[in-house]
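Participant: Chain by chain, the residues:
2 protein chains.
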Amino acid sequence: MNTQVKEKIKEIVSGKNYFDSPEDKLVYSYDATAEFQKLPEAIVFPEDEEQISKLVKLANQEKFNIVPRGSGTGLSGGSVPVDNSVVVVMTRWNKILEIDQNNLAAWVQPGVITGDFQLAVENTGLFYPPDPGSMNVSTLGGNVANNAGGLRGLKYGVTKNYVMGIEMILPNGDFLKTGGKNVKDVAGYNLKDFIVGSEGTLGVITKILLKLIPKPASTITLLAYYDRLIDSAQSVSDIIAAHVTPSMMEFLDNTTINCVEDYTHIGLPRNAQAMLILEVDGKGSGVQEEADIISGILKKNKASEVKVATNEAQANILKTARRTAFSALARKSPTTILEDATVPRSELPVMMEKIIEAARKNDVVIGNFGHAGDGNLHPTCLTDERDKAELEKSHRAFDFIFNEAIKLGGTITGEHGTGLGKKQFLEGLAGIPGMTMMKQIKSAIDENNIINPGKIFDIGPKCEGSLPRNRNQIKDFHMH
Amino acid sequence: MNTQVKEKIKEIVSGKNYFDSPEDKLVYSYDATAEFQKLPEAIVFPEDEEQISKLVKLANQEKFNIVPRGSGTGLSGGSVPVDNSVVVVMTRWNKILEIDQNNLAAWVQPGVITGDFQLAVENTGLFYPPDPGSMNVSTLGGNVANNAGGLRGLKYGVTKNYVMGIEMILPNGDFLKTGGKNVKDVAGYNLKDFIVGSEGTLGVITKILLKLIPKPASTITLLAYYDRLIDSAQSVSDIIAAHVTPSMMEFLDNTTINCVEDYTHIGLPRNAQAMLILEVDGKGSGVQEEADIISGILKKNKASEVKVATNEAQANILKTARRTAFSALARKSPTTILEDATVPRSELPVMMEKIIEAARKNDVVIGNFGHAGDGNLHPTCLTDERDKAELEKSHRAFDFIFNEAIKLGGTITGEHGTGLGKKQFLEGLAGIPGMTMMKQIKSAIDENNIINPGKIFDIGPKCEGSLPRNRNQIKDFHMH
Chain A
121 MNTQVKEKIK EIVSGKNYFD SPEDKLVYSY DATAEFQKLP EAIVFPEDEE
171 QISKLVKLAN QEKFNIVPRG SGTGLSGGSV PVDNSVVVVM TRWNKILEID
221 QNNLAAWVQP GVITGDFQLA VENTGLFYPP DPGSMNVSTL GGNVANNAGG
271 LRGLKYGVTK NYVMGIEMIL PNGDFLKTGG KNVKDVAGYN LKDFIVGSEG
321 TLGVITKILL KLIPKPASTI TLLAYYDRLI DSAQSVSDII AAHVTPSMME
371 FLDNTTINCV EDYTHIGLPR NAQAMLILEV DGKGSGVQEE ADIISGILKK
421 NKASEVKVAT NEAQANILKT ARRTAFSALA RKSPTTILED ATVPRSELPV
471 MMEKIIEAAR KNDVVIGNFG HAGDGNLHPT CLTDERDKAE LEKSHRAFDF
521 IFNEAIKLGG TITGEHGTGL GKKQFLEGLA GIPGMTMMKQ IKSAIDENNI
571 INPGKIFDIG PKCEGSLPRN RNQIKDFHMH
Chain B
121 MNTQVKEKIK EIVSGKNYFD SPEDKLVYSY DATAEFQKLP EAIVFPEDEE
171 QISKLVKLAN QEKFNIVPRG SGTGLSGGSV PVDNSVVVVM TRWNKILEID
221 QNNLAAWVQP GVITGDFQLA VENTGLFYPP DPGSMNVSTL GGNVANNAGG
271 LRGLKYGVTK NYVMGIEMIL PNGDFLKTGG KNVKDVAGYN LKDFIVGSEG
321 TLGVITKILL KLIPKPASTI TLLAYYDRLI DSAQSVSDII AAHVTPSMME
371 FLDNTTINCV EDYTHIGLPR NAQAMLILEV DGKGSGVQEE ADIISGILKK
421 NKASEVKVAT NEAQANILKT ARRTAFSALA RKSPTTILED ATVPRSELPV
471 MMEKIIEAAR KNDVVIGNFG HAGDGNLHPT CLTDERDKAE LEKSHRAFDF
521 IFNEAIKLGG TITGEHGTGL GKKQFLEGLA GIPGMTMMKQ IKSAIDENNI
571 INPGKIFDIG PKCEGSLPRN RNQIKDFHMH
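Line order of the protein sequences matches chains A and B.
Residues 121 to 600 (this note's numbering) are what the first sequence spells out, left to right.
Residues 121 to 600 (this note's numbering) are what the second sequence spells out, left to right.
These aren't lab readings, by the way, just hints derived from the structure by calculation.
Note: identical chains are not told apart, hence a pair may lie in one copy or across any two.
Below, simulated DSSO-like cross-link-like pairs (lysine-lysine); rule was C-alpha separation at most 27 angstroms, straight line: (1) K128 to K174; (2) K439 to K335; (3) K327 to K527; (4) K335 to K419.
Let the hints inform the model, and build the full structure from the sequences given.
Facilitator: This is the structure:
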């Protein structure tokens, strides 16, 4: 990028919001995904919609790329810079603009931290369910761009179920406002739900209207340990079949249990082969009834121990075990590759076995945990990206896992997104007609392919930022 | 359309599935929307995906239009033929292919009647909530194409919340399969949710995967009459503010109450100015607790009478009053224009007043009922389209209503769709950037604009089937 263009960018956002020192570039060269890194040309912190619009128009003129970014907690490389790109950081857009009690809705800026928003909402007696693992760091804009999931997805759904409206700057610099406080709206195409999960490839989100719900009156947290993995999987199936819908049904395998215990020292049994953490919530006696049904199913399936939290502090300890799983695993090795293969719930036991098989066949360590009730697992490979042979083994293990997931009617990503990391698997899942349709839409809206190009898929000859299909060629993407 | 093209169509679907007599054309020239009618060139009943694909490819070659259609119960003209069009009727695709108890999902063909599907699902102990007013006639394909709402929307959401997967023939003849039995899936763009509600403009749906939920264990139905409209509106606001979520909260005004009583003779008080029908459901004691809270709020807001159904038969009578509202009003005049202006819930009382004002100012009779909990009203004008002066008055009343709804942050259509009937209002709501984006996407996917063109919006010079902006010019659209 030449100095003249950089000067124009600086003029748009003002000098104080423009950064391009080597240190700044390094800091914004990666997100939470292993293996992907690239230096941007510059980093900007725009102050208003007009600045973003001007910047996007300039990008079209001067043919540079825009990469929108929140906290960078993404796990598929969605906010990693691409060739010739300017990173647009939205973390300073961190105001909760309105909590509307009458319409159960809230307007927020995209840089609000998910966890901060949840607390603010709960203080008014309302509830915002989506709770991705990174919620204490992630931004709501990032959650919307990636349609973030979380632990409460089974009963309450994911981010898309809570987005009522979006304001954004489109790839041509236009200002789009779509959706609103109406709980039903079928006027025109559903642009809103299409933008949710588009991973920053359709524009820069500047404002979000989120749906809130009444806070559940009471909650019961349960925990079960198992000597056999299969018994935990059968418990999950039986609970779904009993028509009980827990607000949480999380699974941890033996590797994860041990890493969490090393990290937290909360007294988890190191020899347990599996652990389930469950929560039911609601109003009145129905909550206890559901807890009793679940408890019965856990015991019937030979849980070695079933615990019911007797107070909130206890419940929080149990949930902390699950919430720290990723961090606990990440401590164990220089590189942690966390994936999110997802299958129809009925295929969960098979998928669990396939993940064990993938680890064994390729001689790698894979911890497994995840949202069992959603069929959404997080096989996590403990590896070292500096050791190419070791890394190659983990890639082979994940290739096997994703292909098996697709064979089972599953998907390559339940909640992390496609980004750079899953691009090579998408066509196998979406098929050529699906890929064509996605590319047609992207090209129609982003004529010059300047907004986060090369994420999700590549378009035509403009493949900047693409992931080489052969992972051995990945070195161009690396700095270290 | 010349004979040669017709012969080619006949060859594709076979002669027995091809119709083009004047009587056949007449039968398929309209849907449930007042005022719109046009004769197609032919009607076909395709037998498989391949026939549809071939037909679509031929349409691209020979430049004729395809209008997909289910039962034709739509209320915005979405399935009314356009110029030079072939109606593709999907009602014979009426098989429930699978009810998957383990994954709480069902594969259906698009021609399955909504009500038939609900019964089949409930027989297995599961539940499919979307219940549009026309559910005993409407098809699931039509429901998906229009993102149909219904009485249970407040608690359970609308059709889009239950679509897990779609198979369809795209405008280029390709076969698209998107979504699946995974409860979480963020691989690539969210094509599925974009197709839901696209009103048959993006292809012909051939198979649908629907999400099911456990059937609520118990239900309580309540009813309240009011001497003043405003007290009913305040009851609705107070119930939402009390963080209770009824599974149904329906409103009928005095005009509608009287029409329903004329029709059903179930003993509704003719002097009541408003009536609310409410339902709560769930498990355990929470249901009764919610019913008690609601009952208290209804009484506090001066309901002249509050009734609680003591058995299912009684509950059904109460709900029948609501479900027959449209039919009861339709009996009263040669033409019934049923609309679905929707506002944020907090604006419901204002919108109710505006509807009364619209009727008074324009000297027309407008009955009002609808999904009060969703802010989704159905102002229904009793008129006669043969009397042009009378019709013009009703158009002026609705213009006023839609503009007021937009001013209140509302939308022009909560559940009926844009089709032909709301086209002229869409830009006022979606703005030029939104309209541009919709048209860009349609043009990218349907290059020759042959799939249900002129619905939702017009594209470029190809305005066949468009609604003249000035309703006085509407006569070209009419046969009678």
